[in-house]
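Protein chains in written order, with full-length UniProt numbering: chain F, 1 to 272; chain L, 1 to 272.
Certain hints may be false.
A pair counts as met if it fits within one copy or between any two copies, since identical chains are not told apart.
Taking lysine-lysine and the PhoX-like style, the derived pairs with C-alpha atoms no more than 25 Å apart in a straight line are [stated by the list, open to error]:
hint, residue 1, residue 2
1, K83, K242
2, K199, K71
3, K214, K91
4, K71, K5
5, K71, K38
6, K252, K83
7, K242, K252
8, K252, K165
9, K83, K3
10, K91, K38
11, K242, K214
12, K165, K214
13, K255, K214
14, K5, K38
15, K83, K199
16, K242, K165
17, K255, K83
18, K214, K252
No lab work stands behind these hints, which were simulated from the structure alone.
There are 2 protein chains.
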Amino acid sequence: MIKYKRSNRIAELTRIFIENPRTTYQLSFFSDKFQVAKSSVSEDITILEEYFEEQGLGSIVSSAGAAGGVKYIPRMRVEEARKWMLTALEKLAVAERILPGGYLYMSDLLGEPAFISGVGRIFSEAFADSGADMILTVETKGIPIALATAKYLNIPVVVARRDSKVTEGTTVSVNYVSGTSHRIQTMSLARRSIGQYRKAIILDDFMKAGGTTKGMINLLQEFQSECVGVGVLMEMSEPSNKLVSDYISLAKLTKVDELNKRIFAELGSFFI
Amino acid sequence: MIKYKRSNRIAELTRIFIENPRTTYQLSFFSDKFQVAKSSVSEDITILEEYFEEQGLGSIVSSAGAAGGVKYIPRMRVEEARKWMLTALEKLAVAERILPGGYLYMSDLLGEPAFISGVGRIFSEAFADSGADMILTVETKGIPIALATAKYLNIPVVVARRDSKVTEGTTVSVNYVSGTSHRIQTMSLARRSIGQYRKAIILDDFMKAGGTTKGMINLLQEFQSECVGVGVLMEMSEPSNKLVSDYISLAKLTKVDELNKRIFAELGSFFI
Chain F
1 MIKYKRSNRI
11 AELTRIFIEN
21 PRTTYQLSFF
31 SDKFQVAKSS
41 VSEDITILEE
51 YFEEQGLGSI
61 VSSAGAAGGV
71 KYIPRMRVEE
81 ARKWMLTALE
91 KLAVAERILP
101 GGYLYMSDLL
111 GEPAFISGVG
121 RIFSEAFADS
131 GADMILTVET
141 KGIPIALATA
151 KYLNIPVVVA
161 RRDSKVTEGT
171 TVSVNYVSGT
181 SHRIQTMSLA
191 RRSIGQYRKA
201 IILDDFMKAG
211 GTTKGMINLL
221 QEFQSECVGV
231 GVLMEMSEPS
241 NKLVSDYISL
251 AKLTKVDELN
261 KRIFAELGSF
271 FI
Chain L
1 MIKYKRSNRI
11 AELTRIFIEN
21 PRTTYQLSFF
31 SDKFQVAKSS
41 VSEDITILEE
51 YFEEQGLGSI
61 VSSAGAAGGV
71 KYIPRMRVEE
81 ARKWMLTALE
91 KLAVAERILP
101 GGYLYMSDLL
111 GEPAFISGVG
121 RIFSEAFADS
131 GADMILTVET
141 KGIPIALATA
151 KYLNIPVVVA
161 RRDSKVTEGT
171 TVSVNYVSGT
181 SHRIQTMSLA
191 RRSIGQYRKA
201 IILDDFMKAG
211 GTTKGMINLL
221 QEFQSECVGV
231 GVLMEMSEPS
241 NKLVSDYISL
251 AKLTKVDELN
261 KRIFAELGSF
271 FI
């Protein structure tokens, strides 16, 4: 059996906290695992706590009582988020991404583990104190963003579907006008997917007029649930009067010049 | 500025490796960051390496030369995977999940960060030596599984769509017969999503007859790409003559007794 020297205990604590953010562990879980006194575990955690705080990585929070324990709350400094997003913008705002109709191809980035982890990290910082207990998104490209954010916030993701599927059981549907297609569309949510009175963050990859987001807010109302925050990776400046007023964006597409193959993008409202 | 004592260095190395599996770092990156000699960093890494190996968490691999460095390759012991999957089966094989038509409701679990991380960890172990440089899945419920696996393997995810979307640009489509709906369906992939001659793992949540998987294999051929592995979270025993012969499953649904509300499930072929 492995002997848990301090360096091994530090490694194991770091691994467990990083892999399981916002998950509460009893001190006895660690002292049993490491075969050391709880006071030694407390010392180890204090070392980590000071380190995480100093690096702006978040805090390790202790709570007393029978249900007490320790958990790691990841945080991210806004300067760091801004720096990350500026680098991401250089990848996003390239002429090769222009699609017919002035759309932007982003699917490759939304499948890159490091990119979506970064986006998730920033959204988890933006909504760290929202009190949300779930994330709602709509298929398909919002899913990676929602999952990456959910990992840091340790809350589940619920995915609205564009039509109702047999594998979802009974569903509730709403109609909405998509700002992209200007057509009436339907989205649906499994009856059993949301318990009542839950607080949701709505996340998506792209916002033009905000019709899809508005549809998701209406869907939440059907489940007597509340929207406590809206975040999109990329918003378009136009139309400026969106159907949703309260949201944050990480990036803003100010102009797509299809003819001359030029894109103009800037940091989104989260950084303003 | 923080002083990097050994315990802080161990914490930081663990954090970086766990958050960025299969990513190569130069020793000088760490020695610059920690302001210590490379020999000290090497000692730190040896401590971590021994610990990870002993715990079955994987290995830290060093490579020499100009492009050399160190990277963390996560692994998982099969006994641990089996234990995890048996616990997961208890959540999956419950009568409340039975839907009309004998389908199984799994969407809630596919939105739970801890559940999908576990599934991704097992698939990353199953395909650790596949040489894959991408994961292909089809919307919608395969996406969480593909992303979670991609994180551990550090390769991108490409998502085939059920129809072609304006935001995907030029697409290639194939028709396939879904074993679930018994109808001819279409899936498409953005022309720019896959470079040529790439090796793909195909992942999905559910396999009945294997029609969808076969469609994805055909799609890869259109891109001169090769399928180096197929994995599904749950397969149905029936029909036994599937359209795909070479695949692994983590769980097998042997019977859904809709009338008496009973489910029979067992470990999938990966564990046999």
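First find the shortest C-alpha distance between K83 and K3 inside one copy, then the shortest across copies, and answer within, between, both or neither for a cut-off of 25 Å.
-> So K83 and K3 pass the 25 Å test across copies only (24 Å; inside, 41 Å).
From the Cα coordinates, with 25 Å as the cut-off, is the pair K214 and K91 best called within, between, both, or neither?
-> Neither way: K214 and K91 sit 29 Å apart in one copy and 34 Å across, limit 25 Å.
How would you classify K71 and K5 at a CA-CA limit of 25 Å: within, between, both, or neither?
-> both (22 Å within a copy, 23 Å between copies)
With 25 Å as the alpha-carbon cut-off, assign the pair K242 and K214 to within, between, both or neither.
-> So K242 and K214 pass the 25 Å test inside one copy only (10 Å; across, 42 Å).
First find the shortest C-alpha distance between K5 and K38 inside one copy, then the shortest across copies, and answer within, between, both or neither for a cut-off of 25 Å.
-> Both: 14 Å inside a chain and 23 Å across chains, each within 25 Å.
Alpha-carbon proximity between K83 and K199, which holds within one copy, between copies, both or neither at 25 Å = For K83 and K199, the Cα distance exceeds 25 Å both inside one copy (30 Å) and across copies (33 Å).
Under a CA distance limit of 25 Å, which applies to K255 and K83: within one copy, between copies, both, or neither?
-> within (22 Å within a copy, 53 Å between copies)
Same-copy or cross-copy closeness of K214 to K252 [CA-CA at most 25 Å] | Cα proximity of K214 and K252: one copy only (19 Å, versus 40 Å across).
Intra/inter-copy verdict for K199 and K71 if alpha-carbon distance must be at most 25 Å | Classified as within; 21 Å inside a copy, 39 Å across copies.
Copy assignment of K71 with K38, given that the CA separation must stay at most 25 Å = within (16 Å within a copy, 33 Å between copies)
How would you classify K165 and K214 at a CA-CA limit of 25 Å: within, between, both, or neither?
-> Classified as both; 22 Å inside a copy, 21 Å across copies.
What label fits K91 with K38 when the C-alpha limit is 25 Å: within, between, both, or neither?
-> Cα proximity of K91 and K38: none, with 48 Å in one copy and 33 Å across.
The structure fails hints 1, 3, 10, 15 (numbered hints given earlier, in ascending order).
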